[in-house]
Amino acid sequence: MLLEVENLSVTIGRVTPLDGVSFGLDRGQILGLVGESGSGKSLTALAVTGLLPLIGGRVSGGAVRFQGKDLAGMKPAALRALRGRRIGFVTQNPMTALDPVQRIGAQVDVVSRLHLGLSAGAARARTLDLLTQLRIPEAAAVCEAYPHQLSGGMKQRIVIAMALAGEPELIVADEPTTALDVTVQAQIIHILATLVRERGLGLVLITHDMGVVAQVCDRVAVLYAGRLAEAREVRGLFAAPRHPYTAALIGCIPREGMAPGALTGIPGAVPSVTAYPPGCRFHPRCPRALPACATEVPALTGGALACLNPLEMPHG
Amino acid sequence: MSAAGFATPVAAALRSRKGAVAGLWLAAMVVAAVFAPLLTPYAYDVQDLPGAFQPPGAAHWLGTDEFGRDLLTRLFYGARTSLSVSAIAIGISVLAGMILGAAAGYFGGRFDRMVTALVDLSWSFPEILVALILVAIIGPGVTGTMAAIGVAYLAQFTRLARAQIMAIKSETFIEASRSLGASDGFILFRHLIPNTLAPVLVAGMLATGDAIILEATLGFFGLGAQPPTPSWGAMMSSGSAQLFKAPGIILFPGLAVAITVIAINLFGDALVRALDIRRRERTG
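From first to last, the protein sequence lines are chains F and D.
The opening residue of the first sequence carries number 1 in the working numbering; numbering runs sequentially from there.
The opening residue of the second sequence carries number 317 in the working numbering; numbering runs sequentially from there.
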């Protein structure tokens, strides 16, 4: 397995916003990491890239294994060598993800110079090649431009190019399209998906767009309030969600032929990390909650479902 | 921002009317300082006692001083001292302040608290006092003056650089760079310092105006460049004794200081507008 997150807990100061998250990913696969804001998606991304110390956090339980090696036990220098070289990271907001005072080309070049030891000329050739693969027109001109001269979609492609420049095996993309126009979103997602298939990379795609997940992901891990609710192969999950939260998320996707006003969302909000309810953290908002849900923490059954009263498996 | 990156804002600053006038004056002063020996037939230190206290005229455009030396010549050579001392002192101060402030802002912790405490402490003294103490230690002269000015303004640049670094280090592109394997040194020198260069350089430009006044003040007290080396402050000092007999001796160097400082401030303002520091930071 390329990436294996096993029972991961993250502690920041006195709070533990993430506890018991597990999922796995093979090469050539796309894993969707979904959940509402505050469910721990970005924190998981930081844990996978070894960047938790940046926000004063640490892995307090479980393991993040990348190609079999546990990242939590690695030294900062070893982690740094891994970042960009083996694990590429695509940040949330392309508008601010590029240095405003450096030309685009220089910013992309430096990644392959640092990680692959390329000369300035070879790095630029590689950058031009990458930009062309990402279908950026006039790559040479774009290299000479400053970030403020480019559109949001173009900047996100540059950010993706930077993540790819070190030839990583795994890419973690934290809501790569949230800040972009709908039309551009589709393009970016398509580009990412194509890259994964062609190059046999692994992609952890963090998103709260279930539509995107349905289209491109192979597997889905649904997080709620810092815990894994359900992790499964995508087709089964959409056809027959078992966790009531997954079902509710799917219910939030607008569908054709829906009656006006039928899109309701999920009542209530994700609890804050200091006020996680006891038992199943979803029970105050859950339509299927049993009395036991308020006291008993549901264990992960079959490694992929944490619910005391799941929806029925479809028969046949 | 690279050095070449400043060519455009400087050109833009020169396009505004105030910026153009100020830039012209400053360019003239620099030319006068650099080419002083070519621009005037007189020497700055040859005395001509019978020709002392001449009013402005055809031979001596601004008249002569109490030793019969040509005032315009001394003003040109004085520009040499005043401008170079101020610019070099501020240059060193900007460089040191940038390094100190960047390290303090980036690494934080005990080093940051120490630097901040020193900066706050030095800000509680007037600059002239700090400068006087340093001249007293190092001794009067060009070197002492440079050190005094450099240290007097160090706190300002340290504080500015620190604040800029603190603001920029939490930006997404820093996190993005780190997530791609950048080291502390890389982030500091390739991202943070270039991003703080514009505001710090503009502050340095404006401080050069203050430094010229401080240099003149030290010169006026006889603590700057020593005779016969002319400096604008020393000229005013000797002119103060002849205030009623020959007011030009104090008036002309005084005007040179005043107009140069105003020109630096106007040019600095035009540069701020051209760089549009605030907007660049927001939109990036």
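Think of the hints as simulated: they come from the structure by calculation, not from any bench.
Check before you lean on any hint, since a few could be wrong.
As the list claims (entries may be wrong) - If you anchor each label on the Cβ, the simulated ranges turn out as follows: (1) Thr432(D) <-> Pro277(F): 40 to 48 Å; (2) Val182(F) <-> Leu340(D): 48 to 56 Å; (3) Phe505(D) <-> Asp26(F): 53 to 61 Å; (4) Thr178(F) <-> Ile454(D): 39 to 47 Å; (5) Gly425(D) <-> Arg58(F): 37 to 45 Å.
Said to hold, decoys possible - Going by beta-carbon spacing under 8 Å, a handful of chain F positions derived as facing chain D: (6) Leu54; (7) Arg85; (8) Phe89; (9) Ala97; (10) Leu98; (11) Leu116; (12) Ser119; (13) Ala163; (14) Gly166; (15) Val270; (16) Val273.
To be verified - To list a few chain D residues with every Cβ distance to chain F over 12 Å, as calculated: (17) Pro366; (18) Ile484; (19) Ile490.
All residues carry an ideal CB built from backbone N, CA and C; glycine is no exception.
For each hint, the structure was consulted:
About 43 Å separates the C-beta atoms of threonine 432(D) and proline 277(F), a value consistent with the hinted range of 40 to 48 Å. In this structure the supplied range 48 to 56 Å holds for valine 182(F) paired with leucine 340(D), their Cβ-Cβ distance being about 53 Å. The beta-carbon spacing between phenylalanine 505(D) and aspartate 26(F), approximately 39 Å, falls outside the hinted interval of 53 to 61 Å. Remark: the range hint 39 to 47 Å for threonine 178(F) to isoleucine 454(D) is contradicted by a beta-carbon distance near 59 Å.
For glycine 425(D) and arginine 58(F), the hinted distance range of 37 to 45 Å is not satisfied, since their beta carbons lie about 18 Å from each other. Given the 8 Å rule on beta carbons, the hint for leucine 54(F) holds: about 7 Å separates it from the nearest Cβ of chain D. About 6 Å separates the beta-carbon of arginine 85(F) from the nearest beta-carbon of chain D, less than 8 Å, and the hint is met. This hint holds: phenylalanine 89(F) has a C-beta 4 Å from the nearest C-beta of chain D, less than the 8 Å allowed.
The closest approach between the C-beta of alanine 97(F) and any C-beta of chain D is roughly 5 Å, which is under the 8 Å cut-off, so the hint is satisfied. Checking leucine 98(F) against chain D: minimum C-beta separation of about 5 Å stays under 8 Å; hint holds. The restraint placing leucine 116(F) at the interface with chain D is violated, with a minimum CB-CB distance near 11 Å, outside the 8 Å limit. For serine 119(F), the interface hint is violated, since its Cβ never comes within 8 Å of a Cβ in chain D; the closest pair sits about 18 Å apart.
Contact between alanine 163(F) and chain D, as hinted, is supported at the beta carbon level, the nearest pair being about 7 Å apart and thus within 8 Å. Contact between glycine 166(F) and chain D, as hinted, is supported at the beta carbon level, the nearest pair being about 7 Å apart and thus within 8 Å. Below 8 Å, beta-carbon pairs count as interface contacts, and valine 270(F) has none with chain D, the closest being about 23 Å; its hint is therefore violated. The interface hint given for valine 273(F) is violated, since its Cβ lies 21 Å from the closest Cβ of chain D, which is over the 8 Å cut-off.
Every Cβ of chain F is farther than 12 Å from the Cβ of proline 366(D); the closest lies at roughly 61 Å, confirming the non-interface assignment. Listed as outside the interface, isoleucine 484(D) is inconsistent with that label: its C-beta sits roughly 10 Å from the nearest C-beta of chain F, within the 12 Å cut-off. Distance check for isoleucine 490(D) against chain F: the nearest CB is about 8 Å away, which does not clear 12 Å, and the non-interface claim fails.
When the structure is compared with the earlier hints, violations turn up for hints 3, 4, 5, 11, 12, 15, 16, 18 and 19 and for no others.
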